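As you go down the protein sequences, you meet chains A and B in turn. Following the numbering used here, the numbering of the first sequence begins with 1 at its first residue and continues without gaps. Following the numbering used here, the numbering of the second sequence begins with 433 at its first residue and continues without gaps.
Since the hints were made in silico from the structure, they are not lab data. All values reported here derive from a predicted model rather than from experimental measurement. There's no promise every hint is true.
Said to hold, decoys possible - The list that follows gives simulated cross-link-like pairs (lysine-lysine, BS3-like), each with its CA atoms no further than 30 Å apart:
no., chain 1, residue 1, chain 2, residue 2
1, B, Lys522, B, Lys434
2, A, Lys191, A, Lys379
3, B, Lys444, B, Lys434
4, B, Lys484, B, Lys434
5, B, Lys434, A, Lys191
6, B, Lys484, B, Lys522
7, B, Lys444, B, Lys522
8, B, Lys444, A, Lys191
9, B, Lys484, A, Lys379
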Amino acid sequence: MGVPLTVAQVDTGDTAWMLASTALVLLMTIGLGVFYAGLVRAKNSLNTFMMCVSALAIGAVMWALIGYSLAFDGDGSLIGGLGHVALNGVGFEPREGGTIPHLVFMAFQGTFCMITLALISGAVVERMRFGAWMVFAALWSVLVYAVLAHWAFGGGWLAAEGALDFAGGVPVEMGSGFAALAAALVVGARKDYGRQALLPHNTVYVLLGAGLLWFGWFGFNGGSGLGTGNSSVLAFANTMLTPACALLTWFALDLIRGRRVTAVGAATAIIVGCVLITPAGGFISPGWAMALGFLGALPCYAVIVWRPRTRVDETLDVLAAHGIAGFTGILFLGLVAQMSWNGVADGLFYGDAGQFWSQALAAAVAPAYAFIATFVLLKVLGAVMPLRATEHDEAVGMDVVYHGEEAYVTGEGAILVVPEDGEKEVPVANPV
Amino acid sequence: MKLVIGIVRPEKANDVLEALYRAEVRGVSLSRVQGHGGELERVETYRGTTVKMGLEEKARFEIAVSDDFVQPTVNALREGAQTGEVGDGKIFVLPLEQAVRIRTGEADQAAVTPVVK
Chain A
1 MGVPLTVAQV DTGDTAWMLA STALVLLMTI GLGVFYAGLV RAKNSLNTFM MCVSALAIGA
61 VMWALIGYSL AFDGDGSLIG GLGHVALNGV GFEPREGGTI PHLVFMAFQG TFCMITLALI
121 SGAVVERMRF GAWMVFAALW SVLVYAVLAH WAFGGGWLAA EGALDFAGGV PVEMGSGFAA
181 LAAALVVGAR KDYGRQALLP HNTVYVLLGA GLLWFGWFGF NGGSGLGTGN SSVLAFANTM
241 LTPACALLTW FALDLIRGRR VTAVGAATAI IVGCVLITPA GGFISPGWAM ALGFLGALPC
301 YAVIVWRPRT RVDETLDVLA AHGIAGFTGI LFLGLVAQMS WNGVADGLFY GDAGQFWSQA
361 LAAAVAPAYA FIATFVLLKV LGAVMPLRAT EHDEAVGMDV VYHGEEAYVT GEGAILVVPE
421 DGEKEVPVAN PV
Chain B
433 MKLVIGIVRP EKANDVLEAL YRAEVRGVSL SRVQGHGGEL ERVETYRGTT VKMGLEEKAR
493 FEIAVSDDFV QPTVNALREG AQTGEVGDGK IFVLPLEQAV RIRTGEADQA AVTPVVK
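Pulled out of the complex, with its shape left as it was, chain A reads as follows (with noise of 0.2 Å):
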């Protein structure tokens, strides 16, 4: 962000690829379900994919009523102003600074709040209450999204104090990731967590979640630039090969571990990847994002193989693909940002040891205020409404249960009631 030294005006170039990148950035939450879905048993697929579709409407419009406002009006300190709430002020016109239509910038924003809170539901997937989700969800949204976003990116203190955040490490990344941790520890461990073997249902929508992940990851980071300058087109080439050297890390300590290459860690990795670059993307040079790749996915290896041991029910790994490697790469970014490459700001390895130090105070701050308020949030919410399904509800399955449907119904034995008959019904199996 510059200071415009003209009255701001559309670049329609940039404008062009903001609307794509927005587009890209919504699918990610699709792609998160499908990915999400295929690692649940089949009882709870749909209610695990519903769990994320969920998160489209409600981080849409909490987003538009006060999100938004809260997180990029003015640059206060702790928290944003309410001069956009209802989208109030929102319109053609750029914001200061900007290159593109406010509305743009407002709805690509808005993407990224939605696939947070999509991110978070994989620590309580398989018996979380649909309803207590939802509003857990909507308050999320404003008390914590909201809040991380201003900090790194809306003016506020982190920002100021110049910890650098390129597409979200602080917000997105590491505000669900530990959000995920202190989520699973309130809402407690499935009731079969430890006894039986609970696992992946279909891991080819594993592997294609993951796949759709990457794709739109494109346009979370390389969109993250805010136009089609040198910052984005550096992000979209580092997503391309962070996750590709993450992938091979991965590849690697599978064979060493296990002596075969997993499918389900293959699309860990991808995610883990894509992760690591994000808060890094357009500040460090290829070489580095590559050398993050291969690096970064260590430790969050380590966290996912640790993670089963424990008692903690942290069930689809968010705490590890994403609290632990956004970390890392915020970190990472300290030691090997190069003005030669960004423009803004050297790392620790090129000479400025107080930005390495400015990324330290971003890793620390922003998990422990994402683990303390979702704790906090939690424990009222469940003072006021049970957080999980009965024992019963979640054996026979979530989906069942919260929606009505199945994700593989064969209709044998289904009997048809006709709405216009009433009672009536039509059989169509007459069990005996």
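With the hints as your guide, set chain B onto chain A.
For chain B alone, kept in the frame of chain A given last:
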């Protein structure tokens, strides 16, 4: 020598397996079946189409055991599968004429006795 058939809730299948192993019953077949045992029909809606699901997913255990093992097997099935609600399933015990272990050709009693290694 009897054939014990247990038709149980699929979500209790793991509990049944655990109970069977604890009762030292080995040699189990498990299949997925659909059935109806008087439980309330589940209503599902797909767009405008509302259906009552008359058949429920069930897991069907088939266990061939020597006479001494019939009661422990039945007990384990009950213990593992019971929730107390309609739809827990049924256990059937049938006489068994002949059993052959394919690998060795052993017949009857020897065929249904677990291999001790």
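Against the structure, the hints come out as follows:
no.: 1; hint: B/Lys522 with B/Lys434; verdict: holds, 16 Å
no.: 2; hint: A/Lys191 with A/Lys379; verdict: holds, 20 Å
no.: 3; hint: B/Lys444 with B/Lys434; verdict: holds, 23 Å
no.: 4; hint: B/Lys484 with B/Lys434; verdict: violated, 37 Å
no.: 5; hint: B/Lys434 with A/Lys191; verdict: violated, 35 Å
no.: 6; hint: B/Lys484 with B/Lys522; verdict: holds, 23 Å
no.: 7; hint: B/Lys444 with B/Lys522; verdict: holds, 13 Å
no.: 8; hint: B/Lys444 with A/Lys191; verdict: holds, 12 Å
no.: 9; hint: B/Lys484 with A/Lys379; verdict: violated, 38 Å
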